[in-house]
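Asks: Spelled out from the first residue to the last, the chains are:
Protein chains: 2
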Amino acid sequence: MEGKNLLRYLFFLSAIVLLLYFTLLSLPYPPSKAELLDCTTSSPWCTSKNRIQSKNPENPITKPNDPTRHRQRHTADVPHHPLDPLTLTELNRVKKIIQSYELFKDSVYALHSVVLEEPEKKAVLKWKKGDPLPARRAAVIARVSGVSYVLTVDLGTGEVTRHETNQYSGYPTMTLEDMSSVTWAPLASADFNRTVIERGVDLIDLACLPISPGWFGMAEESRRLIKVQCYSMKDTANFYMRPIEGLTVVVDLDTKEVVKINDNGKNIPIPKADNTDYRFSVQNSYQRLVNPISIEQPNGPSFTIEDDHLVKWANWEFHLKPDPRAGVIISRVMVRDPSSGEVRSVMYQGLTSELFVPYMDPSDAWYFKTYMDAGEYGFGLQAMPLDPLNDCPRNAYYMDGVFAAADGTPYVRSNMVCVFESYAGDIGWRHSESPITGMKIREARPKVTLVVRMAASVANYDYIVDWEFQTDGLIRIKVGLSGILMVKGTPYVNVNQVNQQESLYGTLLSENVIGVIHDHYITFYLDMDVDGSDNSFVNVHLQREYTSPGESSRMSYLKAVRKVAKTEKDAKIKLKLNEPSEFHVVNPSKTTRVGNPVGYKVVPGATAANLLDLNDPPQKRGAFTNNQIWVTPYNKSEQWAGGLFVYQSHGDDTLEVWSQRDEPIENKDIVLWYTLGFHHIPCQEDFPIMPTVSSSFDLKPVNFFESNPILRIPPNVDKDLPVCKAAASA
Amino acid sequence: MEGKNLLRYLFFLSAIVLLLYFTLLSLPYPPSKAELLDCTTSSPWCTSKNRIQSKNPENPITKPNDPTRHRQRHTADVPHHPLDPLTLTELNRVKKIIQSYELFKDSVYALHSVVLEEPEKKAVLKWKKGDPLPARRAAVIARVSGVSYVLTVDLGTGEVTRHETNQYSGYPTMTLEDMSSVTWAPLASADFNRTVIERGVDLIDLACLPISPGWFGMAEESRRLIKVQCYSMKDTANFYMRPIEGLTVVVDLDTKEVVKINDNGKNIPIPKADNTDYRFSVQNSYQRLVNPISIEQPNGPSFTIEDDHLVKWANWEFHLKPDPRAGVIISRVMVRDPSSGEVRSVMYQGLTSELFVPYMDPSDAWYFKTYMDAGEYGFGLQAMPLDPLNDCPRNAYYMDGVFAAADGTPYVRSNMVCVFESYAGDIGWRHSESPITGMKIREARPKVTLVVRMAASVANYDYIVDWEFQTDGLIRIKVGLSGILMVKGTPYVNVNQVNQQESLYGTLLSENVIGVIHDHYITFYLDMDVDGSDNSFVNVHLQREYTSPGESSRMSYLKAVRKVAKTEKDAKIKLKLNEPSEFHVVNPSKTTRVGNPVGYKVVPGATAANLLDLNDPPQKRGAFTNNQIWVTPYNKSEQWAGGLFVYQSHGDDTLEVWSQRDEPIENKDIVLWYTLGFHHIPCQEDFPIMPTVSSSFDLKPVNFFESNPILRIPPNVDKDLPVCKAAASA
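Chains as they are written, first to last, in the UniProt record's numbering: chain A, 1 to 730; chain B, 1 to 730.
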C-alpha cells in the first residue's frame, strides 16, 4: 500500500470511527437492556428543560415535576383511561412478550411501532370513570427478516392475538435507528468519499439526510431503499444551505448496502456558509425590536389535566396523547352546553393522518422528493422538545411522549406537546350602539382560547400544529410552517445569468442557492361524533336564484340548498370560490328547539389544491389529496390516509382507494377528512430560516347550541387583571 | 273630539315630544354655536372612559390624558404632517369660511363631509420633518337646497378654490343628523302609528332604523330617499330581534316627508324579548370560564406616536389617522431594512374603501338591503369609542377622531382607534434539529405584532378592522364580524311548520325569528409604493407542466410563470383554487443582490366571491366586487370603489367603470384593490349576538429583503419577562 493511500485509508477509517461514535451518541437509546433510556446521559432528544413551576401549590393542575422526579413519575405511570397511551411499564412488558414470541426468537428484528391498540369505539364510549379499563393491548408493527408484520399483543394474557403480514405494498415507518444509521452508510463507498472530497468537502464536515425515495414503479424499488444526500456543515449549523448538489446515494435500508450512486452536479459549487447560521449564540449582533411582552395569568392557568391526559378547560374537555405517527391525538372532544349544563360530544377523535410534500423539480436529484412525513418518518417521532417561553408562552403545561425504540425499550420524548391559554387582544363578541338609536351601549368580551401545540422537525422543515379551542364552541386547527428550506445548488449567482428558456424550478435565494418550489398537504382525520356517532354530511350549497318577472326589483339572490350526502361519492369535495357551500356534519336524529338539525361545520381557510397529474406516481400515492374534503364510514383500520404502510407504497391502500367502494354514509358513524394545502414558491425572506407561514381551518358549531354559548361571560375589569413589574426591578 | 280620541291624541303628542327630546339628546352636537361639541353633557358618543395611565412617566409615548385635559389637548392641536387630519381649530375655520361663502348665505345647508384635502402625493413624498407644511386645504361635501357640492376650502387664504356639483348619480354620505332625525319621521303618519299599535307595540317602545334604499331604477328614486323600519325595544336593549316585520316607511331625507308606507306583515307576530338582551348588567347569572389573563409589558409598549399621528414600532413606521368615511387611513408605510438600516417604502396609503352587504331575500321589505356602509353611512362615523380591556388589551393607546357635524361644528369621537402590541404565544420562526442529524439545536423566536384597530357599529352589525404589522415585514389586514344580525319576523316557531317548497331566505334562529342570508364584501384601497411609486403587478402563475418522455420518472410538476400586467385588464383577478397564482407588486427598477425584483405580494385568505347577476341593479352599484383583485393607475380622485357619491348611486362611478378604460399599469404608480368577502348563512349561535367571525389577507414581502429580516431577534428568556401577581392580592 502506498504511503498516500495508507494515509487516506487511515483518514477514512478514523472518520468512520468518529462518525460511528457520534451516531451512537445520537441514538435515542443506548444499546442496553435498561428499563428506560437514560436520556440525561445518552441523548439530547428526550431531555427536559425549564419545566414550569407551580406558582400556586393550591392549583389543581397536574404539573410535571423536576426532571428527576419526572422520570420516576413515568416509571410509576398507570393507565387511567381506555385511550391512555402505553405506559413505560406496559412498553417494557410488550418488549418482553415480543422477545419470547416464536417469530422473534433468534431473529434480527426491529419494532417500527409500538402503540396502544385502542379498544373498540363502543367500549370506549360506554366506559365511565371508575369502571375497570377495557383489556390493554399493544399494536405492534415489526420487521423480521425482511417481512413486515402487524401484531396485537395482549398485555393481560401476555399473548399475541393477531399476527398478520402486510397485505399491501409499502414498508412501515422508518425507525429512528434506520434514519440515523443510514446517514453514514455512503462512507463505505470509496466512490462516494472520492467525489465528496473532489467537491472540496472534508468527510468530517459531512452531514447527510435520509430521504424517502417514493415509488416510481422501477424494478430496483422492490426492496426497502433510501436515498441519502449530503451537505457540508463546515462553518455553519445550517448545513441545509450547503448542498453537495446532484449527489444521491441509494442505500438498502435493511442491509445498509450502497446500491447506487448518482453523481451529477460536479460543476456546482457548494454554496458559502456566510449568513446561514441562525443560532442566537453565533450572531455578531442582535436586534431587540420590542420590550418584554408576555401572556400573564397570576392565578395560574384555567385548565386542569386529570390523570395525565384528560384536559378540562372552560366549557371543553378532551383526551390528549402524544403519538409517534400522528404527533398528537385528540379524543372524546366534548363541550358543555350552557343552556342544559350537559357535556355534549363533538368529535370522537382528531389527528394529523398524513402529510404529502411534493417538490416541483423533475431532475434526477429531486424528482423523488415527495415526502409523506407521518407514514415515512413519524410525525410524532420528529416532534422535538418544545422550547419554553419561545415555542409556547409562560404558564404552558408540557406533556411528554413515551415511545419505544426499535428494540422495544421505552424512552421519554419530553416536552413534546404543550397546552396553554392564549389571549391576543382579540374580541369574542361585541356591540356598540351607534348615535342613530341613541342607546348608550358598549359591550365587548375578550377572546381567550386554549391551544394544544406540537412542532415536528422533519429534517429541515418545522411543522407547528395547533389545536385551538374557543369558548364559543369553535375548534381551529392551524398548521404553521417554519424551519429551513430544502435547497438546490446551482452555478448561478445572479438571476441575470439565467437563460430565459431555462427553468430554475424555484427562486435564486442567495449566491448558488435555489429554493425549489414545493407543496405541503396536511390531511386531518376527524371522526366527528356530533351528539352521538351516527351523523350525516350535508352540503349546504349557496346557489344563485333568479326572481320571476314582476316578483321583485331584485333580479338575483343566493339561496341555501341542503343536500344530504348518501354515499361517499357525494362527499368528495373540491372547493370552488364560485360554487360556495357550507359543509355540515349533523346529527339527523336531533334538532334544536326550533327544529334545526344540530351540527358542526368544517370551515376551510386559505388552502391549496394539488394539481399534479392523477396518474403521476407520487400523486397515486398521495391520492388522498385529490379532494379537499372526503367522508368515509368509520372503520377502525382506516386512520392513515396514505395507508398503514406508506413507505415506498404504490398507492393501493389510500383514502382514495377506500372510498371507491362508495358506501352509504347517511346517518352512519362517519369520518371527515380535510386536507390543508400550501403552495410554496420560496423567496429570499425564507433564507436562511423561514418566518412562520400558517393557515388553518375550523370546526364550528352550526345550530349545535340553542344560542350564543358565551352570552354570559363577563367583560374584563381592571381590578381582575394582574399587577406586574419589570423583572429587572424584581 | 271624543274622549278616547283625545286621549290617543295626547298620548301621541307626548310620545312625539318625548321622542324629539330623546332624539335631541342623542344628537352628536347640541344646537349651539360652541367651538367644540360638549360631549360630556350632550352626547354619549364622544365620551372618554378608562384612558390608559402611563405606568412609566419616562415613557416617550404620547398618551391621552384625563378627559378634561384631553379636550384641552384637541383645542390646542396643530398639524405636524402633510397628512394630519384637520384639527379642531381648522374645522372651526372651515365652518366660518363656509358660513360667509356666497353659496351658503341665507340657505339651509348641511356639510356631509369635511376632511383634509390631502396635498399632491409628490409634495407629500418630498416633505421632510422640519419642512413647512404644504398649504392646508379642506375637502367639503355639502348639500345646499337639494344640490350636492364638492368644494375645496383653502385654510390659508380663506377662499373656496374648487366648487363643483356632483357629476354622477348618487348623494353624499348621510350625516349623523340625517340618520337620527329620520327615525322619528314616520310618527308624523297616522297610518304608521295605527299599524304599529295594531301590531301591539307602544309608540314609546319604538326603535327605528334608517335603511339606505339602494337604487333599482324606479321613478320614485329620483329624490333622496330612505327606508325606515322599526322594532320594539320593550324589555330588551336588543330591539333588533323584535322586528315589526314588513312595515317599511319610505321617507324623503331632505324634507323628512313620509312618501310611502308598505305594510305587509300584519300576520307576523313581534318575536319575544326573552333571552335577547346581551348586556352584562341584565344577565341573571354569568359564567366565568377562565382565570384572569392579560398581555403584560411592564416596561410599557414598544411603540411611540410622534406628533399625534406618526406611529413608530420595531422596524415599522407609518402615519395613522381616523377618517369619517374610511374609518382609519394608514399612510407612508415604511419598514427598516436590517441589512442596510434604510427605511424603505412599502405603501403610500391603505384604507377601507367601501363595503357592500347584499341580503338574499327578494321580498318587499328586504330586496333593497344592499348596504354600502362606507359611502352611505360613513364607516368612521359609525366607529364608536372602543372599550378598554375588552375591545383592546391593556397598554393600548387610544386615538380620537375629530370630525365635523352637519353645521360644521367639530366634535371629538374619543377612543375611536386603538394601537397595541399583541403576543398570542405564536412563533416567529423556529427550528429544532432532529435525532437524524444528531445536532443539539432548538431555536425559536416569539412572534409579537402591532395592531391598529377600529370597530364600526353600522346599526346592528359590528365590523372590527385590524391592521396588524409583523416584524418580518408582513402586514395582515383582518376584518372581524360581530354584533347583531338583521333578522326577519315570521309566523313560524319551528322548522317543521315550513313547507318544503317554501324558502325562508335564511335560518329560523328562535321562535318567529329568521336570520336572513347575506354577504359582506370589504374592499380595500392599497396604494402600494414598493421602494418608490412606479411599480408593476406580476401574476406568478403556478401551472402544471409535463415532463418529456424519458426525461424523468415524474410525469408532472408545477412551474411558476411570471406575467407582468400591461394594462388594467390583465390585473382583474378572479381567484381559483385550481388555477393558483401569487400576486406580486414589484419595483421593476430595483432588484436584490442576486437579481430578483423587490416586491410585496397580496396573499388572500379565506374569502367569498360575489355571485349576484352582473345586471342586477345592486350588483351594478357593487360592481367593484366583481373581481377579488384589481389594479388601477394612481388617480387622486379614485379612492372610493363605489364612487364618491354612493348613496342611491346608479353604479356609474365605480372601480369597475374606471377600469374599463384599460390604461397601462406597467411600471406606473399603481393602486391595488382587494375585496375580502364573507357568505353568512346565520345559525342559532348568532342569536342574540354573534361570536366574532373573521378573515384576513396579507401583504407580504417577496424578495423585498435580502434575507429573513428577523434573523437576529433574541429569544425570550425568563429574566426579561414580567413578574406579576394577582390583582386581588395587590
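Warning: the hint list may mix true and false statements.
It does not matter which identical chain is used: a pair holds within one copy or between any two.
Pairs of lysine-lysine, DSS-like flavour, derived with a Cα cap of 27 Å [what the hints assert, rightly or not]:
{"id": "1", "residue 1": "K569", "residue 2": "K121"}
{"id": "2", "residue 1": "K129", "residue 2": "K440"}
{"id": "3", "residue 1": "K559", "residue 2": "K576"}
{"id": "4", "residue 1": "K128", "residue 2": "K668"}
{"id": "5", "residue 1": "K636", "residue 2": "K576"}
{"id": "6", "residue 1": "K121", "residue 2": "K668"}
{"id": "7", "residue 1": "K636", "residue 2": "K478"}
{"id": "8", "residue 1": "K312", "residue 2": "K122"}
FYI, nobody ran anything at the bench for these hints, they're computed from the structure.
Asks: Indicate, hint by hint, whether the structure satisfies it.
Replies: Going through the hints against the structure:
1. With identical chains, the CA atoms of K569 and K121 are at most 27 Å apart within one copy only, with a shortest distance of 25 Å there and 57 Å across copies.
2. For the identical chains of this complex, K129 and K440 are neighbours neither inside a copy (49 Å) nor across copies (41 Å), given an alpha-carbon limit of 27 Å.
3. Within a single copy, K559 and K576 get their C-alpha atoms as close as 17 Å, and across copies as close as 22 Å, so both meet the 27 Å cut-off.
4. Taking the shortest alpha-carbon separations for K128 and K668, only the intra-copy value of 24 Å comes in at or below 27 Å, while the best inter-copy value is 69 Å.
5. In this homomeric assembly, K636 and K576 never come within 27 Å of each other (Cα to Cα): the closest approach is 31 Å inside a single copy and 36 Å across copies.
6. Taking CA atoms no more than 27 Å apart as the test, K121 paired with K668 passes inside one copy only; the shortest distance there is 14 Å, against 63 Å between copies.
7. Within a single copy, K636 and K478 get their C-alpha atoms as close as 25 Å, which meets the 27 Å cut-off; across copies the closest is 40 Å, which misses it.
8. Proximity of K312 to K122 under the C-alpha cut-off of 27 Å is restricted to the intra-copy arrangement: shortest distance 23 Å within a copy versus 59 Å between copies.
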